[in-house]
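Please build the complex by placing chain P on the supplied structure of chain E, with the hints as guidance.
Here are the chains, one letter per residue:
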Amino acid sequence: MSSVQDKAPGGKRHWWLAPSFVIGAVLAALVIVAALVSYVWTPYPPTQMAILNRLKSPSAANWFGTDQFGRDVFSMIMVGARNSLAVGLGAVGIGMVLGTTLGLTASVRRDGILDHVIMRTADFTHAFPAVLTAIMMTAVAGPGMLNAVVAIGVLNLPYFARLARGAALQVWAQDFIQAARAAGLNNRQITLRHVLPNIAGILVVQATIQFALAVLAEAGLSYLGLGTQPPNPSWGRMLNEAQTFMAAQPWLAIFPGAAIALTVLGFNLLGDGLRDAVDPRLRRSR
Amino acid sequence: MIGYILRRLAALVLTLLAAALVIFVALEVLPGDPAAVTLGLNAAPEALAALRAEMGLDKPAALRFVLWLGGLATGDLGLSYTYRVPVAQLIAERMAVTLPLALMAIGLATAIGIPLGMLAASRRGHLADAGVMAFAQAGLAIPNFWFGLLLVLVFAVGLGWLPAGGFPGWQAGLGTALKALLMPALALALPQAAIIARVTRSAMLDTLQEDFVRTARAKGLSEGTTMRRHALRNALIPVVTILGLQFSVLIAGAIIIENVFALPGLGRLVFQAIAQHDLIVVKDLVMLFAGLAILINFAVELLYGLIDPRLRQA
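Residue numbers (the working numbering), protein chains in the order written: chain E, 22 to 307; chain P, 36 to 349.
Since the hints were derived computationally from the structure, they do not count as laboratory data. These figures come from a predicted structure and were not determined experimentally.
A few chain E residues facing chain P, derived, Cβ under 8 Å:
id, residue
1, V152
2, M157
3, T159
4, A240
5, G241
6, Y244
7, N289
Even glycine gets a Cβ: it sits at the ideal position worked out from N, Cα and C.
In isolation and in its complexed conformation, chain E is listed as follows (with noise of 0.2 Å):
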């Protein structure tokens, strides 16, 4: 441990009023309000076109300017963010899932075969980072939002399965384990009933920070045309197709990395906080 310790100013800090904790959740609470909003009221319709008012600057009457087919930046970000954030569930959802449940799994009998399969399987994903899979999905059934939530979820996979094995192994050492087996509970319900409340906390601060890769993933494969199809807006293809106007509009291509930029720097903040809280020890330790 370091001698160098954090000053403490009054020996007590509270970690939810950490600054970098409250930018990241006010970050957060904005993207995901605005997706909720989208459903209900945008400035426009995203998809309007309006072609005589085709690459405006920001103005009172469009406070993000128009693409190059006079539809709404501003609009068509707030529907963006749905598309970002429902990716960014789905993928760290299987992810965390699957991963857990193997990374659990493995647990129970340290170093034994199912231990050995599950973990080198789980090392091995990290060949195929996501641009990869999403590109051999593609190749075969062309490109679809679901080959985005697929390959950032395969990419998930063996980070929860390391984290879960590793915090649960510590788990099965404790002396409550002991006490649950001699009250006759089996390998499943102890798992279940024990070691699995006792790595919530790690697994959700995870969860964040994943979530944030997850957006970031997300942004490169629409950019590419990987991801999200049209005519639903995404930040990323909407970053693709500014770049052809870019010349001609600057203002498209800074909007639209803002929103994926702020995002990501959201949820990485907020998994910096949380982690803070759930296992102190880690205070400013990188």
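For chain P alone, coordinates are given in the frame of chain E:
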């Protein structure tokens, strides 16, 4: 030690085989008829039959897998359907763009990340530290392709100093070619630089607590020499590890960045191959990317075992 290397080698071969199997099943078995996927719905029956024969689809899948493995080992990867040239030749041509791009990106990321990490560690808790950590957060949040677009906006569209995209080829002269790679490499380097800065900072903070650093200071070495010669050297192990582990992220990034800047590299090749349904090229390239990531991971693990004998037991 030899036993350790042999065990790792066996694991390496198994991993490569597993990767090849996954790719083969995904791209040759699951689609049913890869020739039909390549040619699309309106293909003439004769063309379909000809392509099936060329791809050897009359043979059982297991035999085709073994033949493909043999091809991978000997470098005979078959003909690209769209380009009508050997895939190996396509890869060699495109590698001349992707490899320098990746090396430039790694070079830039290290040149930016390590000094920043050292600065943050030596000024822990001060403004410089906070600045570097803010840079790292931003570098991790900003999508590299967006950063690439912003660079284009400023340095190509705005100032006109650098080309917005494309690659003139190495025959156009080293300076011209490197100029075309500068912005893509910088875009690719940003998230890596952020990660390296973070890892360097935390590794330096750890080594700065060590006795040998105190000894170095006590014997009168300047702070700069202590940092560079004693602290940094020991902090480099985790940094090199991260560089190795980040390799697959770099590959993924290169595929996107090459498309942003219209660079004729491997990433653009695989992307175009999807659009053209050229499954032969897709299969070989995905295997190349996955294989590279596996090999680099293997090298990092081996290096680790060489440095730290305790790890050889695992």
